[in-house]
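Participant: Residue numbers (the working numbering), protein chains in the order written: chain A, 124 to 380; chain B, 124 to 380.
Please note that the accuracy of each hint is not assured.
Which copy is meant is left open, so a pair is good if it fits within one copy or across any two.
[Stated by the list, open to error] Derived lysine-lysine pairs resembling BS3-like cross-links, with alpha carbons at most 27 Å apart:
hint : residue 1 : residue 2
1    : K337      : K284
2    : K212      : K337
3    : K377      : K307
4    : K185      : K377
5    : K284      : K307
6    : K185      : K167
7    : K212      : K191
8    : K185      : K324
9    : K337      : K324
10   : K194      : K212
11   : K299      : K212
12   : K284      : K167
13   : K212      : K185
14   : K194      : K324
It is worth saying that the hints were derived from the structure and are not from the lab.
Number of protein chains: 2
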Amino acid sequence: MSEQKGHRPLILISNDDGITAPGLRVLVEEMSHLGEVIVVAPDKPQSAMGHAITVTQPLRLKPSHIFKGIKAFECSGTPADCVKLALDKVCDRRPDIMVSGINHGPNYSINVIYSGTMSAAVEAAVDGVQAIGFSLCDYSMEADFEPCRQHVRHITETILKHPLPYGTLLNVNMPKTEKIKGVKVCRQASAKYAENFDERKDPSGNTYYWMTGKFINLESEDNDTDLWAIEHHYVSIVPTKFDLTSNSVIQHLKQLI
Amino acid sequence: MSEQKGHRPLILISNDDGITAPGLRVLVEEMSHLGEVIVVAPDKPQSAMGHAITVTQPLRLKPSHIFKGIKAFECSGTPADCVKLALDKVCDRRPDIMVSGINHGPNYSINVIYSGTMSAAVEAAVDGVQAIGFSLCDYSMEADFEPCRQHVRHITETILKHPLPYGTLLNVNMPKTEKIKGVKVCRQASAKYAENFDERKDPSGNTYYWMTGKFINLESEDNDTDLWAIEHHYVSIVPTKFDLTSNSVIQHLKQLI
Numbered sequence: 124m125s126e127q128k129g130h131r132p133l134i135l136i137s138n139d140d141g142i143t144a145p146g147l148r149v150l151v152e153e154m155s156h157l158g159e160v161i162v163v164a165p166d167k168p169q170s171a172m173g174h175a176i177t178v179t180q181p182l183r184l185k186p187s188h189i190f191k192g193i194k195a196f197e198c199s200g201t202p203a204d205c206v207k208l209a210l211d212k213v214c215d216r217r218p219d220i221m222v223s224g225i226n227h228g229p230n231y232s233i234n235v236i237y238s239g240t241m242s243a244a245v246e247a248a249v250d251g252v253q254a255i256g257f258s259l260c261d262y263s264m265e266a267d268f269e270p271c272r273q274h275v276r277h278i279t280e281t282i283l284k285h286p287l288p289y290g291t292l293l294n295v296n297m298p299k300t301e302k303i304k305g306v307k308v309c310r311q312a313s314a315k316y317a318e319n320f321d322e323r324k325d326p327s328g329n330t331y332y333w334m335t336g337k338f339i340n341l342e343s344e345d346n347d348t349d350l351w352a353i354e355h356h357y358v359s360i361v362p363t364k365f366d367l368t369s370n371s372v373i374q375h376l377k378q379l380i
Numbered sequence: 124m125s126e127q128k129g130h131r132p133l134i135l136i137s138n139d140d141g142i143t144a145p146g147l148r149v150l151v152e153e154m155s156h157l158g159e160v161i162v163v164a165p166d167k168p169q170s171a172m173g174h175a176i177t178v179t180q181p182l183r184l185k186p187s188h189i190f191k192g193i194k195a196f197e198c199s200g201t202p203a204d205c206v207k208l209a210l211d212k213v214c215d216r217r218p219d220i221m222v223s224g225i226n227h228g229p230n231y232s233i234n235v236i237y238s239g240t241m242s243a244a245v246e247a248a249v250d251g252v253q254a255i256g257f258s259l260c261d262y263s264m265e266a267d268f269e270p271c272r273q274h275v276r277h278i279t280e281t282i283l284k285h286p287l288p289y290g291t292l293l294n295v296n297m298p299k300t301e302k303i304k305g306v307k308v309c310r311q312a313s314a315k316y317a318e319n320f321d322e323r324k325d326p327s328g329n330t331y332y333w334m335t336g337k338f339i340n341l342e343s344e345d346n347d348t349d350l351w352a353i354e355h356h357y358v359s360i361v362p363t364k365f366d367l368t369s370n371s372v373i374q375h376l377k378q379l380i
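This is chain A alone, in the form it adopts within the complex (with noise of 0.2 Å):
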């Protein structure tokens, strides 16, 4: 990890399902090929975590052999904190280029404010590396990855040589197909999920729920959105911000407040 082999890019990794999930030695063998590669990820699924980070409690950080010839810690936190703990105690010079997932299960749409994978890389983005959440539209641990990985290299390729200006990210999701047919660069789609929370008792009588939720497509047929393109076996692309503001609004509100 010295300053002299800089020439490779450094290539940090995580992801939200986990250090043991087959979608990251996926992406540790791809990633593998461009470059040197540290992996800092949970020791557990973080699925739906959101941007959760731990502040109230310590956290840990374990060396794991899973993957040979890479340097790699399992971390007892959230994919944000696993990030934010690589870029400060883990790597000894700064990422080229920060790589999250491949996640088991898409996020796309909305999906995108619940995802830890894509946390993780909004944290690295943040901190100015470039960054990229890679997610297959597959929840199985059994999901095939194979047709994703040319995609995965191609897209890390090409923002390693074109890098993004300051606040933005990638967010790709792959389609579950045999066949992809190509990669659409896109908007996120309009969607929400329609809550409806299973009510049940427990062995002691007492009401508990779980929460299921049907996915909502709010959009219409246009052919420019992430969901188009996954429903078309198109590779999504999504360039992705952090800066919230709505601006179109502001002029809007400055004259009712």
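Chain A is fixed; fit chain B onto it per the hints.
Facilitator: Below, chain B alone, put in the same frame as chain A:
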């Protein structure tokens, strides 16, 4: 909570400091002047939970009697869980508005992405409910909320009268000061935290890390940011959205991929 009472606005309230937080009480008091109030708040502090939701665990909901004459529940989940559960299981009509807070501590600038307060408000907005997150820039549980009251009420009344377009909500921060100068509609200031994990040894001699960070303002002297407003003793209002697409990068990226 019958439809007959429908002429009074229904106001759903949550927070991330937990149901016993003084800031929540202030919000409940002020909102009671404006409409019928329902509170569903976390049963313990949930700061920095970002937009975490609970999908792998059941949730509990328990009636609370800490607000006299107010229908209130404490929930075992995150702020976003509270709102989801409130909308599905507690409210028997759609709230006219959802307000979150008043947070003990700032949620301006990049804090918005870590904020449990804002995640509750975002959750409501995604579901199509008008929403505002309120924060006082004072972490103390003994913080003085008196100067905030009139602004909280005025801003909420304004949004009840003039609803925001779908996809937007407000992030309101209030300065810690006896004399608030006024209200500014702002953009989110660019900033980040420079992490500096405190490395310690536990009683068994094993290393652990505790997150600390220094807030770094990345802005020049522009006076249109939330950070500027707060530093100059104004209330900042940032119209906030959850479509994270960076439209300016879409065209650029299409040429590269």
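Participant: All hints, please: hold or fail.
Facilitator: Hints, one by one, checked against the model:
no. : hint           : in the structure
1   : K337 with K284 : neither (40 Å within a copy, 31 Å between copies)
2   : K212 with K337 : between (41 Å within a copy, 16 Å between copies)
3   : K377 with K307 : between (37 Å within a copy, 8 Å between copies)
4   : K185 with K377 : neither (51 Å within a copy, 40 Å between copies)
5   : K284 with K307 : within (19 Å within a copy, 41 Å between copies)
6   : K185 with K167 : within (13 Å within a copy, 29 Å between copies)
7   : K212 with K191 : within (22 Å within a copy, 49 Å between copies)
8   : K185 with K324 : between (39 Å within a copy, 14 Å between copies)
9   : K337 with K324 : within (23 Å within a copy, 46 Å between copies)
10  : K194 with K212 : within (13 Å within a copy, 47 Å between copies)
11  : K299 with K212 : neither (36 Å within a copy, 34 Å between copies)
12  : K284 with K167 : neither (33 Å within a copy, 46 Å between copies)
13  : K212 with K185 : within (12 Å within a copy, 42 Å between copies)
14  : K194 with K324 : between (46 Å within a copy, 23 Å between copies)
Hints 1, 4, 11, 12 from the earlier list are contradicted by this structure; the remaining hints agree with it.
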